[in-house]
Structures are given as C-alpha cells and as structure tokens.
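Kindly produce the complete structure, drawing on both the sequences and the hints.
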Amino acid sequence: MGNLLSCPQCDRTLTSRIGLVGHLRIHRTETGEPVPGAPTHSREHRLNCPHCPRAFTHRMGLSGHMRIHDSGIHRNADNTVTPCTPSTPAILTATATPLP
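Per the UniProt record's numbering, the sequence shown runs over residues 1 to 100.
The set of hints was computed from the structure by calculation and includes no laboratory data. In this text the structure is predicted, and so the values were computed from the model without any measurement. By construction, the Cβ of each residue, glycine as well, lies at the ideal position given by its N, Cα and C atoms.
Cβ-Cβ distance ranges computed for the label pairs, FRET-style: (1) P53 with R17: 27 to 37 Å; (2) S16 with G64: 14 to 24 Å; (3) T15 with G64: 16 to 26 Å; (4) N3 with R54: 26 to 36 Å.
Written out as structure tokens, the structure reads:
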C-alpha cells in the first residue's frame, strides 16, 4: 500500500490517484464550479436514505445503497418485501444531518 492521498476539498483520504480523481468529481460540476448544496464527506454529517432509516457518511455509500430502492423492491426492517416507488431520484432528496 502506498501513500495516502488527501482530498483538498474535504477530510477524505484515498489510497490511489485514480480514486482521488474519481472522488474529486463530487465537488465539481461539468464546468469545474463547485456543486451547490452537494453533500461533502464529513464525520459530522450523515446522508440519510429518503426511503428507509439507513444513513451514510459518504455519497457513494448512499448511491450504492439506493440501488436496492431503484430496483423497485426492497426489504423492510421486519424482513418483508415491499414495492418502492420514489417520486424523485432519491439521491436528490437525501439530506445531511449532524451526528449526535
């Protein structure tokens, strides 16, 4: 394992240059401007799933999790299967909340 690379925009560290390049995309639009209101990595905030109680520190964790909801079927806490019909893309409705 090599040196850790630090994101200049947040406290995230990555183990590869390609990982850093991919990570930096969350901080920029196509024109290179910062994304207004985009979630950033912070140990102080978590991104809440708008469809279930799960919460994530990183946007990519929430994005990966959202695939279970995007499939149209997900499991509830009581392990029953129910249809999921989000009216808007869930990543856009996710909110960051302070950790206790």
